[in-house]
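Protein chains in written order, with numbering that gives the first Met the number 0: chain W, 0 to 80; chain A, 0 to 129.
No wet-lab data here; the hints were simulated from the structure.
Glycine included, every Cβ here is placed at the ideal spot set by N, Cα and C.
It cannot be assumed that every hint is accurate.
From the structure, some residues in chain W lie toward chain A, with a derived Cβ separation under 8 Å [as the list claims (entries may be wrong)]:
1) Ser8
2) Ala14
3) Gly15
4) Cys16
5) Val20
6) Gly68
7) Ser72
8) Phe74
9) Gln78
10) Gly80
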Amino acid sequence: MLINVTFWSYFRDHAGCSETVVELETGATLAKLHEIVCEQFPKLADARNSTLKAVGLEYESDDFVLSDGDEVSFFPPVQGG
Amino acid sequence: MKTELTISTDAIDETALAKRRVMDDGMGAVVCFLGVVRGSEGDASITALDYEAHEEMARHQFGLIFDAVEKRWPVESVRLVHRLGVVPVNEPSLWVEVTAPHRAEAFDACQFLIDEMKQKVPIWKKPLPA
């Protein structure tokens with residue numbers, strides 16, 4: 000299955016792009032996607048523990064099971080206000 | 000509860016926002032908060048902050064926070080404006096207004112809104128050095 004990943008804020012600079020597509024086996028979790036993304040974009044691995052992850056418009060935990068076509072966002076801690 | 004959310008690159012016009020305030024006669028409290036850009040970030044002087052949002056998700060997350068406010072306090076209305084793009088030092092990036100029957104719930108709800116926003120709403124800022 001294919002998962003669309005978008006990077007926000009300085010994660011975009013660390014990745015060198017604003018989005019990518021990752022191919023995963025059916026039933027893969029958000030944690031697996033994060034692991035693969037950190038391998039592909041090593042600068043993002045430094046922020047692994049502080050990375051916020053959303054599927055669509057909702058925050059999801061590492062054990063969230065992804066579906067084909069999911070839109071995933073990875074970003075650093077938010078700073079509004 | 001009435002809600003109004005504005006996420007925009009336009010400057011925040013406090014006077015215009017205040018003029019548009021509509022309150023029921025049972026409401027006795029209005030709490031307004033302005034978040035203003037400071038002239039420094041850490042030890043460095045800056046000229047502005049450049050705000051970016053995942054806007055669709057930000058609107059959704061603000062909606063969830065407004066729902067939580069409504070469940071917890073007898074608030075009449077919430078209006079919130081967050082500015083994006085370059086916001087110069089001394090200018091507001093955030094304006095929040097809560098109207099309620101009494102000051103306690105208005106203050107508490109306003110504080111809660113801002114605390115939750117700082118945890119959950121996907122907005123980021125980049126300092127622009129002096």
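Original post:
Any CB of chain A closer than 8 Å to the CB of W/Cys16?
Top reply: violated, 16 Å
Original post:
Is the hint on W/Gly80 kept, meaning its closest Cβ partner in chain A is under 8 Å away?
Top reply: This interface hint holds because 5 Å falls under the 8 Å limit.
Subject >> Status of the hint placing W/Gly68 at chain A (closest C-beta pair under 8 Å) >> reply: violated, 17 Å
**OP:** Let me know if the C-beta of W/Gly15 comes in closer than 8 Å to any C-beta of chain A, holds or violated.
**Re:** violated, 17 Å
Subject >> Status of the W/Ser8 interface restraint (C-beta, 8 Å, chain A) >> reply: Since chain A brings a Cβ to about 4 Å from W/Ser8, closer than 8 Å, the hint holds.
**OP:** May I ask you to test the interface hint for W/Ser72 with respect to chain A, counting a Cβ-Cβ separation under 8 Å as satisfied?
**Re:** Holds, about 6 Å.
Original post:
For the hint on W/Val20, does the least C-beta distance to chain A fall short of 8 Å?
Top reply: violated, 18 Å
Subject >> W/Phe74 as an interface hint toward chain A, with CB separation required under 8 Å >> reply: Hint on W/Phe74: holds, closest Cβ of chain A at ~6 Å, below 8 Å.
Original post:
Measuring from the C-beta of W/Ala14 to each C-beta in chain A, is the shortest one below 8 Å?
Top reply: violated, 15 Å
Subject >> Hint check: 8 Å Cβ-Cβ cutoff, W/Gln78 to chain A >> reply: holds, 5 Å
The structure is inconsistent with the numbered hints 2, 3, 4, 5, 6, although it conforms to all the rest.
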